[in-house]
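From first to last, the protein sequence lines are chains B and D. Note that our numbering has the first sequence beginning at 1, numbered continuously upward. Note that our numbering has the second sequence beginning at 1, numbered continuously upward.
Where hints are given, some of them may not hold.
[Stated by the list, open to error] Taking beta-carbon pairs under 7 Å as the criterion, some of the chain D residues facing chain B (in silico):
#1 Gly154
#2 Gly310
#3 Val312
#4 Ser339
Calculated directly from the structure, the hints in this document are not laboratory data. Where a beta carbon is used, it is the ideal one built from N, C-alpha and C, also for glycine.
Number of protein chains: 2
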Amino acid sequence: VSEPNLSAPSLSAQLQPSSAKGSRVQNPIRIALLGFGTVASSVARILIESKPEGLELTHVYSRSLARRKAEWVPSSVTWTDHVDVVLTSPDVDVIVELAGGLDPAGNWVRRALEAGKSVVTANKKLISYHGVELEKLAAAKGGHLKYGAAVAGGIPVIPGLEAGLAGDRIKRIEGILNGTCNFMLSKMEDGAEYANVLAEAQKLGYAEADPTEDVGGFDARAKLSILMRLAMRLTVNPDAIVPHSITEIQAVDFSYARELGCTIRQIARAECTDANVAATVGPMLVGLRSPLAWSRGTENMVVLTGHYGGDVVFSGHGAGGHPTAVAVVSDLLALAHGSRRVVRSSAPTALSAEFEVPHYIRFLVNDKPGIIADITVALASEGINIRAIVQKPGYPQKALAFVMTVEPCKSSALKRALETLNGKDYLIAPPLDLQILE
Amino acid sequence: VSEPNLSAPSLSAQLQPSSAKGSRVQNPIRIALLGFGTVASSVARILIESKPEGLELTHVYSRSLARRKAEWVPSSVTWTDHVDVVLTSPDVDVIVELAGGLDPAGNWVRRALEAGKSVVTANKKLISYHGVELEKLAAAKGGHLKYGAAVAGGIPVIPGLEAGLAGDRIKRIEGILNGTCNFMLSKMEDGAEYANVLAEAQKLGYAEADPTEDVGGFDARAKLSILMRLAMRLTVNPDAIVPHSITEIQAVDFSYARELGCTIRQIARAECTDANVAATVGPMLVGLRSPLAWSRGTENMVVLTGHYGGDVVFSGHGAGGHPTAVAVVSDLLALAHGSRRVVRSSAPTALSAEFEVPHYIRFLVNDKPGIIADITVALASEGINIRAIVQKPGYPQKALAFVMTVEPCKSSALKRALETLNGKDYLIAPPLDLQILE
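Kindly produce the complete structure, drawing on both the sequences and the hints.
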């Protein structure tokens, strides 16, 4: 890991008179919302209800004006269904992009920054793939790019990290970054089946018709790559982070997890040592006494481990209109107050999926003598020590689920060991292998 | 509660070119440490080991030079036992004040700010009593005052609050802000007696020879007043917050608390409604499923409840050399990077200790018939409903401890009800009354 290597303004800029000198804003910054969905309308509501000084909502772009135009928004606000009107207007200082996705949102953000405007966005996908480039563009054109809402919505992880943990070197990130998966897994912990929980999540609007982005770990890995850049100062392409889906998790796994004093959560995890940078996203076992097990429902939680400061835990509502809108409005206030981000350079890095942790391996077999012997030989061939073998009674012999846990071993070694079992006639399904966080 | 009413710079200052424009620092900010105790030497260590760009340790003031001068500090650093040397030196940009207390630290900070220097401090006492005045002085002289380490040490509550929750209106603060009390109470939860735990805390350096500042709630109330100013934008004199000591808590209280599904923590609590601003510090019952019960040992935890964003939880190491030093170095980096605080005005407020919550009341009596009747009449006279009466077997009749819990009622009403019991011959000690947090 490289030494801290910070960009900073010149001394004269650093120690210029404080903005607290009593100068009230004469001209508030003029804000245009791109989109008027849940988060954007919450942003509008806070701006209108709370009237934070220095902020003025002036434009709303929405493709479906007739349906969306809200009566409680003052008539001074200009509504338009032409995005060009706000992107090019000299009467707009800051664009708030809440449409999400790479396209057309990325194009809008680029055009706004090109025009010298500042941008506040909650778009984790855009920032995870193009954050470095967009920050450079903003800096070159004299604008600012802020995205405090892109990770963990209403929980100030990004501001806390940038402003309060900049003095540390973060060596580990463990996060519950996807509220949909956390909702589903904590419901399954209480006994519900995957299919029913997914249907409920869809009904409640937590999950999309195609839930792959959430359950497959793609959403969480985008957020993890943003945190890695800010916390570890490593530029990581989210595609390089291997995601594991939660769809493999069954009721039997919660039952065995509990037997082991654990539950199961979708965890986004990155670790940075002198020798290795590793990152992954997927379902993992977490001890019931770990903070990560406290997080239930759609909550998010992030545990950052610093070289100097140890563990810091952030938790709260990671999504939802109002919490996410708080993060957006906070970013707008920072812009209005001339508060600058502590921008720290990041460097590209090679990424592995190599962790050295204990594992939970669940086998589903058509029982016959010799299976345990077979598996233990495979594990021993890679020098992997077994910690426990747990087989609860009551499963049918033709579809018998049992679990082995192993002492800390390299992910790659375990993978090789399990591959030697490929094609064994007793395996009804490939073994499910989950990291155990201790 | 007043509307947000923000100080902000003019538009031209707000949207000036970003500090991220690639300009590396030519002249790092020159830092003088006042003091070389645990936190200050950790700050020096981070500055020397991590070499954050833009920061240079140039001076150390220490009263006991001969004893303290550290070999691992480069010879380029000037050591002095004359504080004037650093306060007046044109070669020092930022003073890091880690001596603590009001005097002489306050004088040093004032003189540094008067000289146009910036100050980073972890001094909660100074900031709680004089923060508003010192911030005005800093602004008037063109310097900056930062104190991210003053509350909850290594946990970025202050930066998270200022940068990430500025867009919300915080209506409730519940915090474990004193690590010493948390260490002692979590040891007592495990069965230890107060006197033994205090001795252990003193031996470990967590508690002073006179522990009043910690156990009496004075340290926590200073921190609470700082959080109230930043989160609720209310200027509160810490002396106006009534502290309750943890010394009244006995083993029997943990036993009864557990019976009620709770444990006991020292909580700093403030609530801000349209009608009332209330704050207090003292031991309280917290549900075992509440985040506040998870915090053990010297950890700190803060739960902020926003009007829009709901609950946000921060936890981690609230004290200790390295974690606190991380907060100090982060403040220094913010100064070096030209990052300005989002300074929001605060207004003085009248403060009450009036909460409307359920209560735990523990009686210690010389048992005789009619006591419960007597107490219930007293409570009924104030319209207070009893929730539960718990009397565990095994206590001697002449010193019988039992507990009543009551439904949410005003603190003042309960106080009046209990006062009517003053002088009752069966009372061995005044009833112990604790808030129950739900």
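Going down the list of hints, with the structure as the test:
Hint on Gly154/D holds. Least Cβ distance to chain B is approximately 4 Å, under the 7 Å limit. Because the closest C-beta pair between Gly310/D and chain B is about 5 Å apart, less than 7 Å, the hint holds. Taken as an interface hint, Val312/D checks out: its beta carbon lies about 4 Å from the nearest beta carbon of chain B, inside 7 Å. Of the supplied interface hints, the one on Ser339/D holds, with its beta-carbon coming within about 5 Å of a beta-carbon of chain B, less than 7 Å.
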